[in-house]
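Student: So the sequence lines, in the order shown, correspond to chains V, W, H and R. According to my numbering, the stretch in the first sequence is residues 1 to 152, in order. According to my numbering, the stretch in the second sequence is residues 1 to 152, in order. According to my numbering, the stretch in the third sequence is residues 1 to 152, in order. According to my numbering, the stretch in the fourth sequence is residues 1 to 152, in order.
Among these hints, one or two may not hold up.
Any copy, or any two copies together, can satisfy a pair, since identical chains are not distinguished.
What the hints assert, rightly or not - Only pairs whose alpha carbons sit at most 30 Å apart, straight line, appear in this in silico DSS-like list of lysine-lysine:
1) K142 with K123
2) K131 with K142
3) K67 with K142
4) K131 with K88
5) K85 with K67
No wet-lab data here; the hints were simulated from the structure.
4 protein chains.
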Amino acid sequence: MPYEFKLVRRVEFIETDMAGIVHYSNFFRYMEAAETAFIRSLGFSIWTQQAEPPVGWPRVHVECDYKSPLRFEDEVEIHLLVAEKKAKAISYAFRLRKLNAHPPVEVARGVVTAVCVTHVHGKLTATPLPKFIADQIEVAPKELLDAGKPRA
Amino acid sequence: MPYEFKLVRRVEFIETDMAGIVHYSNFFRYMEAAETAFIRSLGFSIWTQQAEPPVGWPRVHVECDYKSPLRFEDEVEIHLLVAEKKAKAISYAFRLRKLNAHPPVEVARGVVTAVCVTHVHGKLTATPLPKFIADQIEVAPKELLDAGKPRA
Amino acid sequence: MPYEFKLVRRVEFIETDMAGIVHYSNFFRYMEAAETAFIRSLGFSIWTQQAEPPVGWPRVHVECDYKSPLRFEDEVEIHLLVAEKKAKAISYAFRLRKLNAHPPVEVARGVVTAVCVTHVHGKLTATPLPKFIADQIEVAPKELLDAGKPRA
Amino acid sequence: MPYEFKLVRRVEFIETDMAGIVHYSNFFRYMEAAETAFIRSLGFSIWTQQAEPPVGWPRVHVECDYKSPLRFEDEVEIHLLVAEKKAKAISYAFRLRKLNAHPPVEVARGVVTAVCVTHVHGKLTATPLPKFIADQIEVAPKELLDAGKPRA
Chain V
1 MPYEFKLVRR
11 VEFIETDMAG
21 IVHYSNFFRY
31 MEAAETAFIR
41 SLGFSIWTQQ
51 AEPPVGWPRV
61 HVECDYKSPL
71 RFEDEVEIHL
81 LVAEKKAKAI
91 SYAFRLRKLN
101 AHPPVEVARG
111 VVTAVCVTHV
121 HGKLTATPLP
131 KFIADQIEVA
141 PKELLDAGKP
151 RA
Chain W
1 MPYEFKLVRR
11 VEFIETDMAG
21 IVHYSNFFRY
31 MEAAETAFIR
41 SLGFSIWTQQ
51 AEPPVGWPRV
61 HVECDYKSPL
71 RFEDEVEIHL
81 LVAEKKAKAI
91 SYAFRLRKLN
101 AHPPVEVARG
111 VVTAVCVTHV
121 HGKLTATPLP
131 KFIADQIEVA
141 PKELLDAGKP
151 RA
Chain H
1 MPYEFKLVRR
11 VEFIETDMAG
21 IVHYSNFFRY
31 MEAAETAFIR
41 SLGFSIWTQQ
51 AEPPVGWPRV
61 HVECDYKSPL
71 RFEDEVEIHL
81 LVAEKKAKAI
91 SYAFRLRKLN
101 AHPPVEVARG
111 VVTAVCVTHV
121 HGKLTATPLP
131 KFIADQIEVA
141 PKELLDAGKP
151 RA
Chain R
1 MPYEFKLVRR
11 VEFIETDMAG
21 IVHYSNFFRY
31 MEAAETAFIR
41 SLGFSIWTQQ
51 AEPPVGWPRV
61 HVECDYKSPL
71 RFEDEVEIHL
81 LVAEKKAKAI
91 SYAFRLRKLN
101 AHPPVEVARG
111 VVTAVCVTHV
121 HGKLTATPLP
131 KFIADQIEVA
141 PKELLDAGKP
151 RA
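Bound conformation, chain V alone (with noise of 0.2 Å):
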């Protein structure tokens, strides 16, 4: 069953700042990319009609550490671990490599924390995952979430 998920991109000139690197805050912006391209492998969609009611999959908690910056088209790695599969819940850890270095380097690290509800009326409510996505997924070898490093 997957339990993880690689997608890479390369960065957007809108996505930097006048520091002359990317800002912060895309970091998520790639994350979420990676997240949602692993759902849709999956054969469903992060904003689903799939489930009856629909869900979606609001974040309870994100952090990311940022080791070394990355700038106007460089190529990003955003490796997707799935860390934690819980009765509503789900987590997330994220290893973005920068592809363009010699040999590729670790730029960030990151966790997200998604729960998944229903929207009635405009009011989120917590709701167990639907089957069709907890079915198929699992969580990393816990040495893999812990070296956090890709096995060659």
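The hints should help you fit chains W, H and R onto chain V, whose structure is shown.
Tutor: Below, chains W, H and R alone, put in the same frame as chain V:
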């Protein structure tokens, strides 16, 4: 009846890019802020539940001419003028000025045309302006729109 | 010589707004991505150190006509056409199409005019296009610009 | 000596996403706005030319816990507390409250750690806090940081 509105805001760090100036897309952020504040000043909201069914204002045309860059912590005045009022659409003209120049200097002019729509089951349908908005605003005087300069 | 370029990307969650559609300002994000990828395809960078002094490309005019909304996970093709090539400026025309409609549907058309500048001590000065860029691109055929439709 | 700062702003349309709430990444936008306003209130700028060489403040760690969503036009108070002052870094704690709830409700708590760096030829090097900033701020009282609640 109101035909203009002014909003002042300060350029934020996140709005800059690696060229050291405000990324051009943020000028639309500024214009949108002035537009929503204008509607709010009339006692309504751009995303109103005050109409039945609720209406929204997707853009059908926007443009901007950039004359001079904005930088971090500059003070910007966004001057909104009602340029056209149609049955189902409003056009706004915008003049943006940098107030912390001596004298203040016009940095950009923009145009935004928004159509009034209802959202029913995800489908957008053009609909007449809500009466409580249409009755309250009028088109700015021609000389103001032509000159594009705030009267002293 | 190249006069057009196509880029395909998928709408991201962060690009949507509470109306359930892509916020209109993101269409400029898409056009910028196509423009930088076009320049990159020529072997250069929009933020080039390959000229001496380095040059940048601030926008002097942008516009966009919106015909149909884009939604989360839609596939968008951004078709760039060189619309005008002046001594110190380039204009691009853009056609955006939603590829996951059957048949694909044009959702927007845009125009972006960028001026080539040097940045010296924070001052922007218009300067002729770098020869290695100017020599490589040409204006798209008139019928293509007029029709605004990709040739089959 | 100052150890806290409060900023109030209103949620903008562009900050919402298709879930109808503020996209979580914008909470960092709000915290950054409070941080730059705090530094400005001391007579300096987060992107200061007042130090020689100029210094910047890249983030090395950020986190946020989300308790309740924010929606369009909500009024948010961002309460900044100086949580730690090291030789070359500052940590801020943030409490975000929705003021237009009765009574106001805490919607999020964040932490941002920024390192003071010089930018020389594009290289970032950690450097001691400028004296004119370090001398002016102090760490907030422990009970304030622990309680995380503004004193009445």
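Student: Against this structure, judge whether each hint is valid.
Tutor: These are the hints, each one checked on the structure:
1. For the homomeric pair K142 and K123, neither the shortest alpha-carbon distance inside one copy (36 Å) nor that between copies (36 Å) is at most 30 Å.
2. For a Cα distance limit of 30 Å, the shortest separation of K131 from K142 inside one copy, 24 Å, qualifies, whereas the shortest one across copies, 45 Å, does not.
3. For the identical chains of this complex, K67 and K142 are neighbours both inside a copy (23 Å) and across copies (29 Å), given an alpha-carbon limit of 30 Å.
4. For the identical chains of this complex, K131 and K88 are intra-copy neighbours only, at 11 Å inside a copy versus 45 Å across copies, given an alpha-carbon limit of 30 Å.
5. For the identical chains of this complex, K85 and K67 are neighbours both inside a copy (27 Å) and across copies (20 Å), given an alpha-carbon limit of 30 Å.
Hint compliance for this structure: hint 1 is the single one not met.
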